[in-house]
Each structure stands twice: as C-alpha cells, then as structure tokens.
Amino acid sequence: MLRAERLRHSYGPVRALDDVSFTVHPGQTLAVFGPNGAGKSTLLRVLAGLIQPQGGRAHVEGGRRAIGWIGHQPQLYGQLTVIENLRFWGSLYDTQPTGDLVARLGLEEHAHRPVRALSRGLVQRVAIARALVHDPTVLLLDEPFTGLDRMAAEALSLLLGQHAAAGRATVLVTHNVEEGTELATDVAFMRTGRFVHFAPRSGRAASDIAEEYRNAVA
Amino acid sequence: MQLPDSVRHAWYVARKDLLVEFRSRTAILAAAAFVVLVLMVFNFGRDPTAVSNVDLAPSILWVTFTFAAILALNRAFQLELENQALDGLLLAPIGRSSIYVGKLIANLIFVVTVEVIGVPLLALFFNVRILPVVGPLAGIIALATVGFVAVGTLFSAMTVRTRFAELLLPVLLLPFMIPPLIWAVLATARLLGGRPLSDVAGWLKMLAAYDIVFVGVALLLFPATVNE
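Residue numbers (the working numbering), protein chains in the order written: chain A, 1 to 218; chain B, 1001 to 1228.
Chain A with its partners taken away, still in its complex shape (with noise of 0.2 Å):
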C-alpha cells in the first residue's frame, strides 16, 4: 500500500533521508519517532510527493487522491468558514464533507464560523476532518496531537483506530513518543536521516519503547 525504496534527500550539506526503506501494509500504522531534525517531515513529504527525492523512490497505491494529510500548519483559509473550507477541499477530490465527519469531531456548532476566528484546538479538528474529507487510505500525519485539547486528541485517535480497522494504512510522525505508541503497529526511530530501528511494537509498553527510543537516539 506504501512503499519508500532507498530514500535519500539532503539541504545543501544536511542529510534529511539517507538510504530509508519500508513498507506499511493495509491496516498497519507505524509511528516513526525522531528527534527536531532528524528528517521525520522531509519523510513524509516525500512519500506525498511534495519532494521529489534526490534518490529513491516512493510509491502510494492509489497515488494522491488516496493520500489524506496531516502537516504543521492546518491548511486552511482563515476567511472562509468550517464547512466552505471542507467543501472547497472536497471538491478538489469530487466529494462534499459528510455530517458524520463533521459531528465525530464535534464541529457542528462551528460549522459556519470563520476559521480565523476558531482556537488552536478547534483549528487543528477543522484540519482533521479537512484531511478526511475524501476517506483517504493513506495517512500522513506530522506532530498530529501537536495543540490538540483532550476531547479533540480522543477523537483523532478514535478515527485513526477506524481508519487502521478498516484495513487502511497510516504514518505518524513524531517527537512525543508516549502519544504515537498507543496507535501503532510498528515503531521506527529516526537519527541524522536514517532509520535506526524498525519493528512491529509486539505489544511493548509506551515506557518500554520510550526507553528504547532514548537508547537508540541518545
């Protein structure tokens, strides 16, 4: 469902990819935890095809219209309200933001607000069900938790287990090992552009994968 062959990217004399390779199959999540720096964004724009990488290469079955997205910022027009920003995103995929969406992540009554005028945390749930509007297979999440309050964390998690059970694949990345441990299925950890460890979580403890995240990156 996804595949990076031998990825390689560098900034001028910065190695953000250096020789990574996986695949994440249906239903898996794998949760790839990194330090500021290590290329964990670099990463995951290269595998939506934002980068086009200087070697390797990325493949995402289904190509972009399976890809739903994550970032930094919420991708969104602050002028616009809720649901015309949900619509203008899915339009761009010929589909319209469904009530369900709208209603898991508790947007009802901020549907026709402006975005500019919601808080961070309500942002960040616009930017969620902007990346879900088009029921992706695929997704990419960068420091998804990163200004979410705790309703809004239960949610996303809550959807990702949805997406994950219905046999759809998801990368995360991120610094906070602890909040991407309880999704995944397969743990990497990310030094200086490559992978250092690559497992199936087996089950292991948060605490145990945080501790083995130190040791290896340390």
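Simulated from the structure, these hints should not be mistaken for laboratory data.
Predicted model only: the values in this text are computed from it and were never measured.
Incorrect hints may have been included.
[Said to hold, decoys possible] Stretch by stretch, here's where chain A covers chain B in the computed footprint (C-beta under 8 Å, at least three residues):
(1) 1081-1087
(2) 1092-1101
(3) 1139-1151
[As the list claims (entries may be wrong)] Per label pair, the in silico range of CB-to-CB distance:
(4) A/52 / B/1175: 28 to 34 Å
(5) A/95 / B/1212: 31 to 37 Å
(6) A/37 / B/1166: 29 to 35 Å
(7) B/1029 / A/36: 37 to 43 Å
(8) B/1162 / A/10: 19 to 25 Å
(9) A/61 / B/1112: 43 to 49 Å
(10) A/116 / B/1029: 15 to 21 Å
(11) A/192 / B/1182: 52 to 58 Å
(12) A/3 / B/1208: 45 to 51 Å
(13) A/197 / B/1164: 41 to 47 Å
(14) A/72 / B/1175: 53 to 59 Å
(15) A/65 / B/1162: 30 to 36 Å
(16) A/158 / B/1164: 43 to 49 Å
Every residue gets a Cβ at the ideal spot worked out from N, C-alpha and C, and that includes glycine.
Knowing the structure of chain A, use the given hints to seat chain B on it.
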C-alpha cells in the same frame, strides 16, 4: 453537460480565491483606492494647456492599471502560504495547470473589477469621450490585461516563497509588461483620438499573440515553479 475535470477544478480554485477576497476585501479596496487617488492626483497635477487630455489619458490609465494589478498579483499566492494551504493544493489530485488557471481567472476578475472602476473615473477627470469607443476599448483592456496577468500570476508563484516577494514581483514582472503596455497605450490613444478601428487592429493582433504565447508558456512553466 459535465465540464472537463481540469476546468471544474480551476473554477473551484478561482471561486475560493474570490470568496476569500470578498470576505476580507483588503486587496480590492486598496487597489480601488489607489486607482482613485492616482487619477485624482494626475487630474489636479496636469497642465491642460501643455498636453491635451486625449494624449495624456491613455498613459495615465495604463500606469494606474499596471500598479493596481501588481497589488492583486502580490496577494494571489500569499493567501496560500498563510496556513500552508499550498501544500494541500499540490497534494490534491488536480493538475498543476488547474491551479494556475484558477489563480489566473481570480486575478483577472480582480483586475477587471479595478479597471471597471478606473475607466469611468478617467472619463470624468480627463473629460474624454469613452462611450463611442467603449466596445473596442474594452477589447484592448481585456487583451492587455490577460497578457500581463498571465505573466504576473506565474511570477507571483515563483516569488511567493522568497523573502522579498513583494519587491521581487514588480522587478521581474515590469520588463515583461512593457510590450503589452506600449501596445495598449498606443491603441488606446488612437481610439480616444477618434481614429478608425482599422488603425488599432495591428495592436490588437499583437496583444492577442502576446496572450497566446505567454498563457502557453506560463502553463508549461507553472508546475516547475511550485514543485519543491
């Protein structure tokens, strides 16, 4: 009848841009105020005994439109950077050319709105007779506007991620605007001077050729300007 996907997607992008502008009204108000002020300043600053209105009006009209258009073009891609919405557009399963055409349509509607405000004001302040030549004049304005907005939309995408985008855009764009501006000024001067339409046919053809060439070139180059 179902429109082709590329046309529909371009319209979605244009409609969104126009809705964003309609909500904020910042750029359109700034451009309209600019047009009114420039025409007013030139009106009171000129010496009517030195140069006739008909000779002066075309140059002033096109200088005004040029700088008002740059205001519009500067904001065309700026709004996509606000929350990195450009990433979303690039990730969506639509052609890069649809993004360009959508931006072009929105920019054209914006600039034409400013021109619709400017032309009657020119007639008012400079006492030139617009009504007898309104059709051909609209043709000149439309052809010239398509040309420089097509180039400007491309350069706006090229410069938006640079540190000095607002400075760089006019520096890059103005040299490319010179040919259509000269042709537009010459054609407008002849029309307002009461010359027959056949006298401006050559300039109109030049403007049309410029439009075809530069819309085509912009469509070819646009994907390379937005890809990382």
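Now the hints, each set against the structure:
1. 1081-1087: Three-residue rule met by the region 1081-1087 of chain B, so holds; n is 5.
2. 1092-1101: This one holds; 3 residues, not fewer than the three required, reach chain A with a Cβ under 8 Å.
3. 1139-1151: violated (count 0)
4. A/52 / B/1175: 28 to 34 Å: 30 Å, holds
5. A/95 / B/1212: 31 to 37 Å: 35 Å, holds
6. A/37 / B/1166: 29 to 35 Å: Hint holds: Cβ distance 30 Å, inside 29 to 35 Å.
7. B/1029 / A/36: 37 to 43 Å: Roughly 41 Å apart at Cβ, these two residues keep to the hinted range, so it holds.
8. B/1162 / A/10: 19 to 25 Å: 21 Å, holds
9. A/61 / B/1112: 43 to 49 Å: 44 Å, holds
10. A/116 / B/1029: 15 to 21 Å: Hint holds: Cβ distance 18 Å, inside 15 to 21 Å.
11. A/192 / B/1182: 52 to 58 Å: 56 Å, holds
12. A/3 / B/1208: 45 to 51 Å: Taking Cβ atoms as reference, residue 3 of chain A and residue 1208 of chain B lie about 49 Å apart, which means the hint holds.
13. A/197 / B/1164: 41 to 47 Å: Since residue 197 of chain A and residue 1164 of chain B have Cβ atoms about 43 Å apart, the given range 41 to 47 Å holds.
14. A/72 / B/1175: 53 to 59 Å: 37 Å, violated
15. A/65 / B/1162: 30 to 36 Å: Check passed, 31 Å falls within 30 to 36 Å.
16. A/158 / B/1164: 43 to 49 Å: With Cβ atoms ~45 Å apart, the hint holds.
Hints 3 and 14, counting from the list given before, are not met by this structure.
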